[in-house]
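Student: For the record, in the sequence shown the residue sitting at position 283 is 283 according to our numbering, with numbers rising by one throughout.
Calculated directly from the structure, the hints in this document are not laboratory data. Fair warning: this is a prediction, and the values are worked out from it, not measured in the lab. You may find that some hints are simply not true.
Ranges of calculated distance between the beta carbons of each label pair, as one might list FRET restraints [stated by the list, open to error]:
#1 Ala264 x Ala154: 43 to 51 Å
#2 Ile38 x Phe170: 19 to 27 Å
#3 Phe97 x Ile161: 57 to 65 Å
#4 Leu323 x Gly190: 19 to 27 Å
#5 Asp193 x Val344: 44 to 52 Å
#6 Ala264 x Ser205: 53 to 61 Å
Using N, Cα and C, we set each Cβ at its ideal position, and we do this for glycine too.
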Amino acid sequence: MTITSPPGQETSPIAAPKAKNQGGGFLRYLITRFLLIIPTVFILITVVFFLMRVTGDPITAAMGGRLTPDQLAARIHEAGYDRPILIQYFEYLGQVFTGDLGRTLSDNRAVTEVLSTYGAATLELAINAVIVALLVGIPLGLVAAKFRDRYPDAILRILAILGYATPVFFAGLILKLVFGVWLGWLPISGRADWQTELELTGLQSPSGIYWLDALRSGNMEAFWNVTEHALLPALALGLLTGGVFLRLVRTNAIGTLGREYVEAGRSRGVSEFRLTTKHAYRPALIPIITVMGLQIAMLLGGAVLTETTFEWSGLGFKLAEYLTARDFVAVQGIVVLLAIIVAVTNFIVDVLAALIDPRVRY
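Construct the entire structure; sequences and hints are all you get.
Tutor: Okay, here's the thing in structure tokens:
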């Protein structure tokens, strides 16, 4: 006997398995992307370890010429750097997996302490730069798409090219010269005035992100002081990524504005402003989220130069100091942390892209 479905319900037996398959596909995608973090971090740690050993052991690199040969040999033996390289490598892997990244050679501090002390400053700079990039890239990209092949579009494309082609340290120097020296509007170095730093670091359980700590404590004077110090570094680093976002949003919005449903809305009298802001906005975000992982890596790389230019006491600033001191233990620990941050960020970006655009999952 054949059982038929009531009219209008013929597709219901197919719809449920389809929804189930979609959920299963997303879960498989999520697990696969998460598991890829492990080999990615492992390869990065391995590459960093052996690159740091190309010029010899860290003790000789940091202390060579300042110790006698006997003292140098004793220090090398004490640290275990005279053992076979593979034994050192597997021992280092064991330390990393237990959270021990060693001690710095130049100031004898635990590398994990350095990361926790200065990591929040770099995180604050990265957040500020991303905010600038989004505020610049998305609105101006939509404007460029709306005025395609006209003067506003041409000017914005030129500015976008200048934004991501200008070296971040050069952009920082120009901003310091114009807004700090010539106009005197903004401070040109540091994260805050010393009085403000004392107030914020003296709070109970500070996060290390100054503007967040100032808001938590309700100290608006400190918040505005921190904001003034953060503007120029955030602009120097954020414009680098903002130029990329502008081009991506423009290209994707132009494609969206040419779709049939947009033309249909235009024929019904929907305003160009509504078509641009409502119908082209969400599709324009997809490429930004897709490349966000790569841009985070660029931001962290640019943070080294930005922090050095503005004397911003973050991981990039300390990394430059440790490189100058040839403290390869500290450099190795900082680079490993940055590699882990990039890998985890790419995982989060992949998940967000899959949630916005289901086609990414398959």
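Student: If a hint holds in the structure, say so; if it does not, say that too.
Tutor: Each hint tested on the structure:
1. Roughly 29 Å separates the CB atoms of Ala264 and Ala154, a value that falls outside the hinted 43 to 51 Å.
2. For Ile38 paired with Phe170, a C-beta distance near 38 Å fails the hint of 19 to 27 Å.
3. Under the hint 57 to 65 Å, the C-beta atoms of Phe97 and Ile161, about 44 Å apart, miss the expected range.
4. Evaluation of the 19 to 27 Å hint for Leu323 and Gly190 yields a pass: the beta carbon distance comes to about 21 Å.
5. In this structure the hint that Asp193 and Val344 lie 44 to 52 Å apart at CB is violated, the actual value being about 34 Å.
6. Checked against the given bound of 53 to 61 Å, the beta carbons of Ala264 and Ser205, roughly 55 Å apart, stay inside it.
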